[in-house]
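First to last, the protein sequences are chains X and H. Just so you know, we're using my numbering here: the first sequence kicks off at 1 and counts up by one. Just so you know, we're using my numbering here: the second sequence kicks off at 1001 and counts up by one.
Hints are computed from structural coordinates only; laboratory data are not their basis. Fair warning: there could be bad hints in the mix.
As the list claims (entries may be wrong) - Using 27 angstroms as the maximum straight-line C-alpha spacing, the simulated DSS-like pairs for lysine-lysine come out as follows: (1) Lys58/X <-> Lys71/X; (2) Lys1009/H <-> Lys37/X; (3) Lys1009/H <-> Lys42/X; (4) Lys1057/H <-> Lys42/X.
Stated by the list, open to error - Here are some, though not all, of the chain H residues that point toward chain X, as calculated from beta-carbon distances under 8 angstroms: (5) Ser1002; (6) Tyr1033; (7) His1048; (8) Gly1052; (9) Ala1056; (10) Phe1090; (11) Phe1104; (12) Gly1105; (13) Ser1106; (14) Gly1107.
Yeah, the Cβ is synthetic: ideal placement off N, Cα and C, and Gly gets one too.
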Amino acid sequence: GENVEQHPSTLSVQEGDSAVIKCTYSDSASNYFPWYKQELGKGPQLIIDIRSNVGEKKDQRIAVTLNKTAKHFSLHITETQPEDSAVYFCAALRGGGADGLTFGKGTHLIIQP
Amino acid sequence: DSGVTQTPKHLITATGQRVTLRCSPRSGDLSVYWYQQSLDQGLQFLIHYYNGEERAKGNILERFSAQQFPDLHSELNLSSLELGDSALYFCASSVAEYDYGYTFGSGTRLTVV
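With the rest of the complex left out, here is chain X (with noise of 0.2 angstroms):
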């Protein structure tokens, strides 16, 4: 089945500062990818996605890339903010979605005032 690795585990930058966090999936037969950012004491609240077949997708301060061939997605988020800090986590689905979503272990981002 899928695998997803995401890195790193803790990401701490100062307010203002960009953040990047990575994940890297196994199956080549996925393609969507979600970025999902979960406070504490809620779901997980969808913030970005990109399928297989666009290599970047912005939407404000938040970015995704994807690298097909190397099997690895990145999210950026550029000018942090107090309110960015939560912990963030990539997915994978494949194929036809009806199966789950295969989830990365999560980023707690931390925003250094």
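Take the given structure of chain X and dock chain H to it, following the hints.
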């Protein structure tokens, strides 16, 4: 509020007992997914129902079962509970059978003592 409602929010029970977790999907969503989140295993897919029928199974134990009712709400039944079943259980919903964008509920925290 994501629109996905999970009850109860917290549940404390003893080993060997049986519990039922409930999920109401967003209005109009026909798919319901169940996930387990624990510190050691992370977020793991358990099972997917679409319009009342089981569509895919993940790492769901035989002691666990689920169903989706005609009004589309879903229940996850956990029996013969063990200490290791203590976790957050999330329900997510989406419109279609084969879909990409999930909306997660805020979860049920199960503590087995």
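For each hint, the structure was consulted:
1. Lys58/X <-> Lys71/X: Measuring from Cα to Cα gives roughly 19 angstroms; hence the hint holds.
2. Lys1009/H <-> Lys37/X: 20 angstroms, holds
3. Lys1009/H <-> Lys42/X: Since the Cα atoms of Lys1009/H and Lys42/X sit roughly 11 angstroms apart, the hinted pair holds (cutoff 27 angstroms).
4. Lys1057/H <-> Lys42/X: This hinted pair holds, its Cα atoms lying about 24 angstroms apart.
5. Ser1002: 7 angstroms, holds
6. Tyr1033: 6 angstroms, holds
7. His1048: This hint holds: His1048/H lies near chain X, its Cβ roughly 6 angstroms from the closest one there, short of 8 angstroms.
8. Gly1052: Given a least distance of 15 angstroms, the restraint on Gly1052/H is violated.
9. Ala1056: Since chain X brings a Cβ to about 5 angstroms from Ala1056/H, closer than 8 angstroms, the hint holds.
10. Phe1090: The hint holds - Phe1090/H has a Cβ within 8 angstroms of chain X, the shortest such distance being about 5 angstroms.
11. Phe1104: Hint holds; Phe1104/H Cβ to chain X Cβ min 3 angstroms, cut 8 angstroms.
12. Gly1105: 5 angstroms, holds
13. Ser1106: 5 angstroms, holds
14. Gly1107: 5 angstroms, holds
Checked against the numbered hints given earlier, this structure breaks only hint 8.
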